[in-house]
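So the protein sequences, as listed, match chains A and B.
According to this note's numbering, the first sequence is numbered sequentially starting from 1.
According to this note's numbering, the second sequence is numbered sequentially starting from 1.
There's no promise every hint is true.
[To be verified] 20 Å max Cα-Cα, derived SDA-like pairs, lysine to any residue:
| # | chain 1 | residue 1 | chain 2 | residue 2 |
| --- | --- | --- | --- | --- |
| 1 | B | 103 | A | 20 |
| 2 | B | 105 | A | 35 |
| 3 | B | 105 | A | 41 |
| 4 | B | 103 | A | 49 |
In case anyone wonders, no lab produced these hints; they're calculated from the structure.
If you're wondering where the values come from, they're calculated on a predicted model, not measured in any experiment.
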Amino acid sequence: MTVGEFAKQNPLNVLCMPEAEREITGCYIGDLLSWVMGNAREGDAWVTIMSNTNIVAVATLTNVSCIILAENVTLDEQALNTAKENGVNVLSSNLSAFNIALLLKDTVV
Amino acid sequence: MNRYYYDLHIHSCLSPCADNDNTPYNIAGMAALLGINIVALTDHNSCLNLPAFFKAAKTYGIIPVAGMELTTAEEVHLVCLFEDLAKAMEFGREIDSYRVKIKNKTNIFGEQLILGEEDKLIGSEEFLLPNATTVTIEKAPEIVAKYGGICYPAHIDRQSNGILAMLGFMPEKPVFNCVEFNNPANADELIKKHNLQNKKIIISSDAHYLTDIKEKQNYIELDDEPYSSAKVRHQLFRYLKGEI
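This is chain A alone, in the form it adopts within the complex (with noise of 0.2 Å):
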């Protein structure tokens, strides 16, 4: 499933969608960036709540499909735009990551 198609069947909201096209092919939950820099793959969904810019750094070099922020956390406006222009998809959700990693389960096993 798309991220386009992943954000329009499910409770979230689209912070930024650059790229609605990219293939969501696995999950990964993680806050804590060098972790997520060395575990995260190709393609994932990577749920987080952690907003500071450093996030759409560590997504452009994983290459996952879309950041989803869970628990209403927010990202402020300078780090969208740096979303956008690194073509990173970024979604957020009032959901915890459980609950968000829920909506992911059938699309991705």
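Following the hints, position chain B against chain A.
Frame of chain A, contents of chain B only:
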């Protein structure tokens, strides 16, 4: 006693996030222009631009301090300072063995330039510098102390990589004598909330651009007689270690 204006947290072009114009000589020149007397160069997890910075400091007449901003395993930033350049370089080599080596992508993170005398380009660091090392916050002060240095939490008033943001509180151990603020306006509230009254408050710029280095404003009074820059530096370290 004399007033020494300081900035103990500045990044050079070795840090990927810092501007390439933030060269050792430009930093020293800018600091001298702004009337800052003591300046520490603190690149992410590396000491490789310190030798050039010490030469630059001599050229411009400021007192250099050898430093590094260490990223702990918890992704907390610690400012590590050393009285002796050679010891700092040894510390740098030890930290290098605790780095998690991920290739730098210069288009995303920026270049990591190593400069020599008169800012001559002598190389670049291949692996990304700022990411977390395997050194825990508990272990870091021990390693720093082995080389005669001191460390303390950087920009505790900031969300990204400040100890309060990352851990949620100031841990009881290890004990830090100092804490660093970026913005002194944030200090009172955080000092009260986290019981930091007995810590020395250091205010530094964390400059990544030359324009981030601020007009002289923060100072420490040090006994400097008979004067030598080594004496001033030594007194600074006694101050940071809580000996005076």
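* **Contradicted hints - numbers only** => Going through the list in order, the structure violates hints 1 and 4 and respects the others.
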